[in-house]
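Protein sequences, first through last, are from chains S and U. The end of the first sequence is residue 343 by UniProt numbering, with every number in the run present. The end of the second sequence is residue 282 by UniProt numbering, with every number in the run present.
It is worth saying that the hints were derived from the structure and are not from the lab. Owing to the predicted nature of the structure, the values given are computational and were not obtained by experimental measurement. Wrong hints could be hidden among the right ones.
The list that follows gives simulated cross-link-like pairs (lysine-lysine, PhoX-like), each with its CA atoms no further than 25 angstroms apart [to be verified]:
| # | chain 1 | residue 1 | chain 2 | residue 2 |
| --- | --- | --- | --- | --- |
| 1 | S | Lys137 | S | Lys237 |
| 2 | S | Lys237 | U | Lys51 |
| 3 | S | Lys177 | S | Lys321 |
| 4 | S | Lys235 | U | Lys51 |
| 5 | S | Lys177 | S | Lys140 |
| 6 | S | Lys262 | S | Lys76 |
Just a few of them, taken from the derived set where beta-carbon distance is under 8 angstroms, the chain U residues facing chain S [what the hints assert, rightly or not]:
| # | residue |
| --- | --- |
| 7 | Val21 |
| 8 | Ala24 |
| 9 | Val125 |
| 10 | Ile234 |
Simulated coverage check for chain S against chain U, where a stretch passes if three residues somewhere in it have a Cβ under 8 angstroms from a Cβ of chain U [what the hints assert, rightly or not]:
| # | stretch |
| --- | --- |
| 11 | 84-96 |
| 12 | 272-281 |
| 13 | 292-300 |
We treat Cβ as the ideally placed atom computed from N, Cα and C, and that holds for glycine.
So you can see what is in the structure, the chains are spelled out below.
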Amino acid sequence: MEVRSWVLPLLLSLAACSKSGGGDAPAPGGAVTLLNVSYDPTRELYEDFNAAFAKHWAAKSGQKVTIKQSHGGSGKQARAVIDGLEADVVTLALAYDVDMLHDKGQLIPANWQTRLPDNSSPYTSTIVFVVRKGNPKGIKDWEDLVKEGVTVITPNPKTSGGARWNYLAAWGHALRKPGGSEATAQAFVENLFRNVPVLDSGARGSTTTFAERGLGDVLIAWENEAFLLTQEVGKDKFEIVVPSVSILAEPPVTVVDKNADKRGTRAVAEAYLQYLYSDEGQELAAKHHYRPRSQAVAAKHASKFPGVSLFTIADVFGGWKKAQAAHFDEGGVFDRIYVPKAR
Amino acid sequence: MHPSTLVLRRRTRTLSGPAVVRWALIGAALLFLAVFLLVPLVAVFTFAFQKGWAAYVAAISDPEALAAMRLTLTAAVIAVPLNLVFGLAAAWLIARFRFPGRSLLVTLIDLPFSVSPVIAGLIFVLLFGRQGWLGPWLAERNLQVIFAVPGIVLATVFVTFPFVAREVLPVMQAQGSDEEEAALTLGASGWRTFWRVTLPKVKWGVLYGVILCNARAMGEFGAVSVVSGHVRGITTTLPLHAEILYNEYDFVGAFAVASLLTLLALVTLVVKKYVEWRSVAS
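Chain S with its partners taken away, still in its complex shape (with noise of 0.2 angstroms):
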């Protein structure tokens, strides 16, 4: 076939252009681009961050920097990441995915998370019920989302990031109330799935199933994105009722070591991180709905983000590598729980 000989070199020749127009190296006081690999909810976060970082930098260092945003569900960016999307920095939703970075890719050293302040996570975040208007259900607490005649959204833990916090934070809650154990706890999250009728793939998925497609009473989902959806898609459509204890969720971000150092990228890569810890930066997490981790600006957004008992990943679980393998991976918790609903 005459074709093959020829598409070949053009496929590499392509390669070679779009290598030439996205790997510049730094000059001082030149251009440079960062590719910051996220997940789904980040986007308008990172859209204003990356105009206020742009603009530090330039007053600091004298140099153009663009940045360039991937969204997606959590577990797939990394594995895009790992695959070889060219990321200078990841900012995904748990740290297990991050961890793959180091396990599958070699991308970056074990030790990424102690690199930056509060475990690499400079904005939290929690679990919280978005109900509709008025909230016909009365739903206030935990326990009520297990009651019959009650349908619950959360996203595939399997696939979504933010649906493992979900879970994770189902799971405590049951454990940690008076009377509870890992069997209590079991059977109190296989009655939630019970009254879930669609699993969506993602966050956003879920969300708009539930606010667009109108299914289900309650939807669990991350407090910025309850935000978002009570303030700016769906005003008086929507309550958020936050629970009496949730999980504390931290979002981590750190420099995939690999990529920056081949790109020359290493310095703003690291910039652009550490800002995220500036008050400009932890400021624009609290106008996006994230939890700042400054005390200051915490303070003057107290009102915001009600207090609730928070429990990490580590109290309960032992850390993610032991919640992934004992809940999500193949043949775990939730496999044996989860059976699909004939619909």
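Use these hints to put chain U onto chain S, whose structure you have.
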């Protein structure tokens, strides 16, 4: 009146049932078409213009939307000619020659139709990804195929592979090789025979294949989504951009971009009808 027309008439009359049945069937078909084709079509444009003309123009002239248009056109401009050449060569080979592996080639041409586009995308990730077979080799040479433009082009070429060959092949087979043999015995060279005899006879089939190929190249979602990496303004095509906007609750933007793709589909339909009409006329 010609006798055969009379026969035909009588036969149609016996085939058709009472008027009620006829109208019920026509009504059902029309209703089905309206619900599944017309309503979505209207919905796309209604949503796109929900906030007026200015919002529509803003959505499609956004830099990221323009970048997505450029990438979609780039992919189509590379994929369509490539598959045109391949499709013609393959159809000619299969229609005119008997050789070992011929039926294998026929099967291979159809492969992109039978493989799910997502799987097609994953194949390229497994081949060209950092962990893939050719990954280390490419990385050493600082070449990026997937999560960059070449990967998107590659995926587009793959999913649009069969269109031209599949359209041209039956036309070539129906025509037989008598005229080509005549040309060759009269002393025409192979190329000349191809340009003056073979191509003119299949030109409508070729055009038809190119139109379908182009429509699919611009509309492909699954395979391209897998190899894209979703870097905004760089590796997002129009269909991917529409999905991104939808996920950002920017429904007007999403449907504005979708309306461009819908317009493309409508233009394709009109051109396709025209080509069909011309090919019957000639």
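Hints versus structure:
With a C-alpha separation of about 15 angstroms, the suggested pairing of Lys137 of chain S with Lys237 of chain S holds against the 25 angstroms cut-off. Between Lys237 of chain S and Lys51 of chain U, the direct Cα distance comes to roughly 21 angstroms. Compliance with the 25 angstroms bound is thereby established for this hinted pair. Proposed proximity of Lys177 of chain S and Lys321 of chain S is supported: the alpha carbons are some 24 angstroms apart, at most 25 angstroms. Taking the CA atoms of Lys235 of chain S and Lys51 of chain U, the gap is about 18 angstroms. The hint holds against a cut of 25 angstroms.
This hinted pair checks out: Lys177 of chain S and Lys140 of chain S have alpha carbons roughly 16 angstroms apart, not beyond 25 angstroms. Our distance criterion of 25 angstroms between C-alpha atoms is met by Lys262 of chain S and Lys76 of chain S, whose separation comes to about 23 angstroms. With its C-beta approaching chain S no nearer than about 35 angstroms, Val21 of chain U sits outside the 8 angstroms limit, and its interface hint is violated. The beta carbon of Ala24 of chain U comes no nearer than 32 angstroms to any beta carbon in chain S, farther than 8 angstroms, and the hint placing it at the interface is violated.
With 8 angstroms as the threshold, the beta carbon of Val125 of chain U comes within range of chain S, its nearest partner Cβ sitting at about 5 angstroms, so the hint holds. Because the smallest distance between the Cβ of Ile234 of chain U and any Cβ of chain S comes to about 6 angstroms, under 8 angstroms, the interface hint for this residue holds. By the rule of at least three residues with a Cβ nearer than 8 angstroms to a Cβ of chain U, the coverage given for the stretch 84-96 of chain S holds, with 3 such residues. With 0 residues bearing a CB less than 8 angstroms from a CB of chain U, the stretch 272-281 of chain S misses the requirement of three and the coverage assertion fails.
With a threshold of 8 angstroms between beta carbons, the proposed coverage of the stretch 292-300 of chain S by chain U is violated, since 0 of its residues qualify and at least three are required.
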